[in-house]
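Peer 1: Sequence:
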Amino acid sequence: MFKDYLVLTFGCFVFALAWESFMIPNGMSAGGLMGLCTVIQYITGGFLDASISYIVINVVLILASVLIFGIGFGFRSIFCIGVSTLMMQLVAHIPAIHCMAGEFFYIREPFLVPVIAGILEAVGVGLIIRQGGSTGGTDIVALVIHKYWPVSLSKVFLITDFVIICSLLAVPGKCFADMVYGLEMMVSFSLVIDTVVGGQKTSMQLFVFSKHYDRIADHVINVMDRGATVLHAQGWFTKNEIGVLMLLIRRNELPALTSAIKKIDPKAFMSVSDTRFVYGEGFEEIKTGINKKRKAKDATEE
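Sequential numbering from 22 applies to the sequence shown in my numbering.
Hints in this document: simulated from the structure, not taken from any laboratory.
As the structure is a prediction and not an experimental result, all values here were calculated from the model.
Where a beta carbon is used, it is the ideal one built from N, C-alpha and C, also for glycine.
You may find that some hints are simply not true.
As the list claims (entries may be wrong) - Cross-link-like lysine-lysine pairs, in silico, PhoX-like; alpha carbons within 25 angstroms at most: (1) K260 x K232; (2) K283 x K232; (3) K288 x K232; (4) K232 x K195; (5) K260 x K288.
As the list claims (entries may be wrong) - Restraint ranges, calculated between C-beta atoms of paired labels, are given here: (6) L107 x L212: 25 to 31 angstroms; (7) A277 x C187: 16 to 22 angstroms; (8) F23 x L111: 18 to 24 angstroms.
Between the sequences and the hints, there should be enough to build the whole structure, so can you do that?
Peer 2: Structural data, given as structure tokens:
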């Protein structure tokens with residue numbers, strides 16, 4: 022439990038670093054809830070302060086997340102929102118780590134600032150999501166959609182952020198350049214977030230050709246607690262019958278498996294490829310949408 026909150030705190034710090042060290046000191050903006058709240062403030066001429074709309078929207082989203090994910094998710098989200106706010110205030114008062122002229126993190130080329138900020142934000146948000154928390158705003162919206170539909174987090178963030186960034190053009194004083202900087206951060210964030218969140222959950226498919234396929238299959242089942250399927254094939258050159266193993270594992274299990282296969286049969290031939298989605302026991306739950314789940318539940322009750 023302590024380790025989880027330590028990771029959450031570090032993720033909040035990295036998230037704050039992206040905004041307070043890189044984006045805000047350079048007068049740049051991007052997507053996300055804070056981007057939306059800023060746009061609301063500008064459009065209303067300051068009548069509706071961004072901090073007020075930020076709190077109101079987050080309260081609504083947190084209540085929704087508690088209903089969908091449980092009280093644990095809601096508590097961690099509240100924790101992350103609070104810590105992120107404190108971290109932003111902390112980073113804002115340390116000019117030495119700001120991306121400004123004369124400071125260590127200064128970057129001469131402005132177009133690189135949102136790229137680095139997007140990567141940092143993706144790492145921070147990704148670490149938080151992996152521990153079951155959220156910084157609020159579009160993070161919660163993305164997780165709700167990702168829970169019920171097979172849509173990657175990057176696509177959800179991409180769409181919501183794009184709409185928010187485009188709305189910058191409706192704000193007096195903002196120009197196309199402001200939108201471009203926001204798009205840069207959005208793209209770099211989208212390219213990294215899935216890797217951070219699902220890096221350990223990415224699945225691999227292996228075809229193993231070996232005379233000792235039975236020993237390899239026993240190792241996969243008994244030691245790794247994974248399933249193994251034997252396909253009966255024929256080598257066309259030798260015309261000999263051979264058993265081919267088809268395996269599905271997590272990416273982080275690949276090094277241990279390849280090491281075991283090498284010990285059992287140094288001459289084994291393997292084909293390894295990434296798989297986008299794997300549904301079933303030991304992997305991901307099939308996501309068909311809220312309506313279909315309800316229909317299936319109703320049909321079962323009848």
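Peer 1: Please go over all the hints and tell whether each is borne out by the structure.
Peer 2: Tested hints:
no.	hint	result
1	K260 x K232	14 angstroms, holds
2	K283 x K232	13 angstroms, holds
3	K288 x K232	9 angstroms, holds
4	K232 x K195	67 angstroms, violated
5	K260 x K288	19 angstroms, holds
6	L107 x L212: 25 to 31 angstroms	29 angstroms, holds
7	A277 x C187: 16 to 22 angstroms	46 angstroms, violated
8	F23 x L111: 18 to 24 angstroms	21 angstroms, holds
In the structure shown, a violation is registered for the earlier hints numbered 4 and 7, in ascending order.
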